[in-house]
Amino acid sequence: MSGSTTIDFRAVDNILEKYNYDKSYLIAMLQDVQGIYKYLPEDAMTYIGEKVDGLSPSTVYGVATFYAQFSLEPKGKYEIKVCDGTACHVRGSMPVLNAVRNKLEIKQGKLTSRDGLFSLETVSCLGACGLAPVVMINGKVYPQMTPDAISIVIDTLLKEERGEE
Amino acid sequence: MTFSIDIEAEQKKAQEEIKKQGLRVLVCAGTGCVANGSLKVIDKFRDLGANVSAMTDYDKMTVVPTGCHGFCEQGVLVSLPDEHVTYVKVKEEDVEEIFESHIKNGKPVERLLYVDPKTGEHIHRDEDINFYAKQTRTALKNCGNINAESIDEALAVGGYQALHKVIQENNPEGVIDTIVKSGLRGRGGGGFPTGMKWKFTAANKGGKSYVVCNGDEGDPGAFMDRSVMEGDPHKLLEGMAIAGFAVGADEAYIYVRAEYPLAIKRLKIAIKQAEERNYLGKNIMGSDFSFTIHIKEGAGAFVCGEETALMASIEGERGMPRPKPPFPANKGLFGRPTLINNVETLANVPLIISKGADWFASMGCESSKGTKTFALTGEVNNTGLIEVPMGTTLREIVFDIGGGIRGGKKFKAVQIGGPSGGCLTEEHLDISMDYDSLIKAGAMIGSGGLVVMAENTCMVEVARFFMNFTKNESCGKCVPCREGTKNMLKILERIVKGKGTMEDLDLLEDLAYTVKDGSLCGLGKTAPNPVLSTLKYFRDEYIAHIKDHKCPAGVCSAMKRIVINPEKCRGCTKCARVCPVGAIEGTVKQPHKIDQNKCIKCESCLKNCPFKAISKE
Numbered sequence: 025m026s027g028s029t030t031i032d033f034r035a036v037d038n039i040l041e042k043y044n045y046d047k048s049y050l051i052a053m054l055q056d057v058q059g060i061y062k063y064l065p066e067d068a069m070t071y072i073g074e075k076v077d078g079l080s081p082s083t084v085y086g087v088a089t090f091y092a093q094f095s096l097e098p099k100g101k102y103e104i105k106v107c108d109g110t111a112c113h114v115r116g117s118m119p120v121l122n123a124v125r126n127k128l129e130i131k132q133g134k135l136t137s138r139d140g141l142f143s144l145e146t147v148s149c150l151g152a153c154g155l156a157p158v159v160m161i162n163g164k165v166y167p168q169m170t171p172d173a174i175s176i177v178i179d180t181l182l183k184e185e186r187g188e189e
Numbered sequence: 007m008t009f010s011i012d013i014e015a016e017q018k019k020a021q022e023e024i025k026k027q028g029l030r031v032l033v034c035a036g037t038g039c040v041a042n043g044s045l046k047v048i049d050k051f052r053d054l055g056a057n058v059s060a061m062t063d064y065d066k067m068t069v070v071p072t073g074c075h076g077f078c079e080q081g082v083l084v085s086l087p088d089e090h091v092t093y094v095k096v097k098e099e100d101v102e103e104i105f106e107s108h109i110k111n112g113k114p115v116e117r118l119l120y121v122d123p124k125t126g127e128h129i130h131r132d133e134d135i136n137f138y139a140k141q142t143r144t145a146l147k148n149c150g151n152i153n154a155e156s157i158d159e160a161l162a163v164g165g166y167q168a169l170h171k172v173i174q175e176n177n178p179e180g181v182i183d184t185i186v187k188s189g190l191r192g193r194g195g196g197g198f199p200t201g202m203k204w205k206f207t208a209a210n211k212g213g214k215s216y217v218v219c220n221g222d223e224g225d226p227g228a229f230m231d232r233s234v235m236e237g238d239p240h241k242l243l244e245g246m247a248i249a250g251f252a253v254g255a256d257e258a259y260i261y262v263r264a265e266y267p268l269a270i271k272r273l274k275i276a277i278k279q280a281e282e283r284n285y286l287g288k289n290i291m292g293s294d295f296s297f298t299i300h301i302k303e304g305a306g307a308f309v310c311g312e313e314t315a316l317m318a319s320i321e322g323e324r325g326m327p328r329p330k331p332p333f334p335a336n337k338g339l340f341g342r343p344t345l346i347n348n349v350e351t352l353a354n355v356p357l358i359i360s361k362g363a364d365w366f367a368s369m370g371c372e373s374s375k376g377t378k379t380f381a382l383t384g385e386v387n388n389t390g391l392i393e394v395p396m397g398t399t400l401r402e403i404v405f406d407i408g409g410g411i412r413g414g415k416k417f418k419a420v421q422i423g424g425p426s427g428g429c430l431t432e433e434h435l436d437i438s439m440d441y442d443s444l445i446k447a448g449a450m451i452g453s454g455g456l457v458v459m460a461e462n463t464c465m466v467e468v469a470r471f472f473m474n475f476t477k478n479e480s481c482g483k484c485v486p487c488r489e490g491t492k493n494m495l496k497i498l499e500r501i502v503k504g505k506g507t508m509e510d511l512d513l514l515e516d517l518a519y520t521v522k523d524g525s526l527c528g529l530g531k532t533a534p535n536p537v538l539s540t541l542k543y544f545r546d547e548y549i550a551h552i553k554d555h556k557c558p559a560g561v562c563s564a565m566k567r568i569v570i571n572p573e574k575c576r577g578c579t580k581c582a583r584v585c586p587v588g589a590i591e592g593t594v595k596q597p598h599k600i601d602q603n604k605c606i607k608c609e610s611c612l613k614n615c616p617f618k619a620i621s622k623e
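If you read the sequences in order, they're chains R and S.
Residue numbers for the first sequence, in the working numbering: 25 to 189.
Residue numbers for the second sequence, in the working numbering: 7 to 623.
These aren't lab readings, by the way, just hints derived from the structure by calculation.
Computed from a prediction, not measured in an experiment: that's the story for all the values here.
We put the beta carbon where it would ideally sit given N, CA and C, even for glycine.
A few of these clues could be false.
Across the chosen pairs, the derived CB separations fall in these ranges [unchecked claim]: (1) S:Ser296 <-> R:Lys131: 52 to 62 Å; (2) R:Asp67 <-> S:Lys25: 23 to 33 Å; (3) S:Lys271 <-> R:Lys131: 31 to 41 Å; (4) S:Ser296 <-> R:Glu185: 45 to 55 Å; (5) R:Asn44 <-> S:Leu45: 28 to 38 Å; (6) S:Glu179 <-> R:Gly59: 25 to 35 Å; (7) S:Lys187 <-> R:Gly59: 40 to 50 Å.
Selected chain S positions facing chain R (Cβ under 10 Å, derived; list incomplete) [what the hints assert, rightly or not]: (8) Gly36; (9) Phe340; (10) Gly384; (11) Gly482; (12) Val584; (13) Glu609; (14) Asn614.
Isolated chain R, as found in the complex (with noise of 0.2 Å):
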């Protein structure tokens, strides 16, 4: 996992300099660090652990493992999460996880696509239960997804992406 990404660690000064290096704030810092690289690079996080007062490389990776938002290997350009809260459950999110298991060729216990095009998560509730279920990709809810209109929406991206290329 580690060594794939090449780190710039003049990126994650800036972040620990923005917190003052105060290790109350080493979930911010993450929160940060994913936010660049979309994931966390182990040598950031020995870098953190060891830059910081009060933290060791493995206290950073404690907190790293214990929160369901880290990830420890990249994720996706489009991060899918297929929302798995009571009422999403209820209004059959799991078909909707299902359909998109299968589009995507994505088997249980991975976390992206072949081509690291997409990755998908399940989370426990958007909040948004009054339009379950829903799937959010980049940030953007899609409300009242079923197994079909979900499969139209990673059509609609897909096809934007080979747009580009």
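Since the structure of chain R is already known, use the hints to place chain S on it.
The following block gives chain S in isolation, referenced to the frame of chain R:
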């Protein structure tokens, strides 16, 4: 006390500004409506221009993006409060018609009015929409009625007057007494008397103390805190400042879950505005009282809703609970006395201070005062966020406000309190919704998530769902919770696959009590509740899965097959085209067939077949 700000003059000034806006067109810009395209609706209205003076009673119109109305199902919501009209499910292309017909010519657009699900009639006046009419909105009063990104709109409806009042009276103990007398209890789930919490924290006055607002609304199916933070952030900030004044704290944190980016954005704007106007920050309104509020974002951990875990997370650590005592009031954030309250609890505070403890205590019932918000979701016609007096019955909520079960299905149960709660069945429909009655019924009010389930919901699968959730969210500190939830989930998975045994049910119960007794925090102590309550009320469904290998609700896919009746199939190929996984094969005009190994049981084919040739078995 001398003030640098005349709060009443500020209110008047803000109200004057709003009067100048002419006809106010409120467009909901909460998370739900934004997903349905409300930003485009807002742009379209703005494109049409503000000047309508030649044709109407109003000299101009102003488009106001608001927070969540709570009626998310019907979004995008556009309301004209001066006209008492709300339009539902508004699309970008409908805007011109509303503008031409209603705003310019005073003729409401019939087809965009809300249709009562019972009578099928269009409702012309807001007051007649059951969803709103049966509610008592106090904490949510401004949500959806003001522009959440404008401090002037908050001031116009009385914002920061309660804070002004407490600083002026300079009697922190009096403030605490008022909260005690009001009978306000914690709205985050526990139901602990808020005033007592304040008293305990205030007893440690002298050194550094903190106020923490718990906005880690992790309970799936609940979104009241999100709505308050998005729709009326200044009320929350004011409530926190009053709490800080009462307990002697000068610094505060709002812990918001990262899944709520809009709430975080609006809170940041609100804090900045309040600091610029000196309603927060150093020497508030020219007094000796200073109060700074920071925002800390969560990173996706349900257990952080537990207060000691939440404080660990604010300190930048893994969010793991610790034993109590010491209670946060004595030793909390960074080892200092800390008052920690939920968003909804704090949003009630300014109202209690302004209107008095008696006013608040006059609502609700004996043991539970005031109002409570509920997030009404699932198989109900009007999903959304509601606020009713404590003690309202479940029947009123589901059938009057909620408009009954969608699609005419039969009511089965309501899951209340999320993964920590339990289910209420038909026999509980007339139960009073308050802290103590619900505990007696084996459930809990929790944060107020109400998921309505109908005959097509499998209760065993629901129990599995919640167990899967708590298993994933267990922090791992206590062995009974970490291992117990894992094994309870394994058993439930066996049962939904039709491979369970009758002994499994005893083992489930056994494990449930072990997890309950052997866990430190609320997560573990309540994790088995959904299993216990479904076992109590729906044991027959468990038995049907085990003995008959049948899922009575037709949900559990291991026991379900989708098949095409070759005699009815005309070979139109529609099913093969809609199948998201390519599981349907066949040639044109010949009966098609479903490959059961590929089929994901999504039922897309079943819904799309024009000849009703596809069925579940």
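Against the structure, the hints:
no., hint, in the structure
1, S:Ser296 <-> R:Lys131: 52 to 62 Å, "56 Å, holds"
2, R:Asp67 <-> S:Lys25: 23 to 33 Å, "59 Å, violated"
3, S:Lys271 <-> R:Lys131: 31 to 41 Å, "36 Å, holds"
4, S:Ser296 <-> R:Glu185: 45 to 55 Å, "52 Å, holds"
5, R:Asn44 <-> S:Leu45: 28 to 38 Å, "36 Å, holds"
6, S:Glu179 <-> R:Gly59: 25 to 35 Å, "46 Å, violated"
7, S:Lys187 <-> R:Gly59: 40 to 50 Å, "47 Å, holds"
8, Gly36, "9 Å, holds"
9, Phe340, "8 Å, holds"
10, Gly384, "5 Å, holds"
11, Gly482, "9 Å, holds"
12, Val584, "6 Å, holds"
13, Glu609, "7 Å, holds"
14, Asn614, "8 Å, holds"
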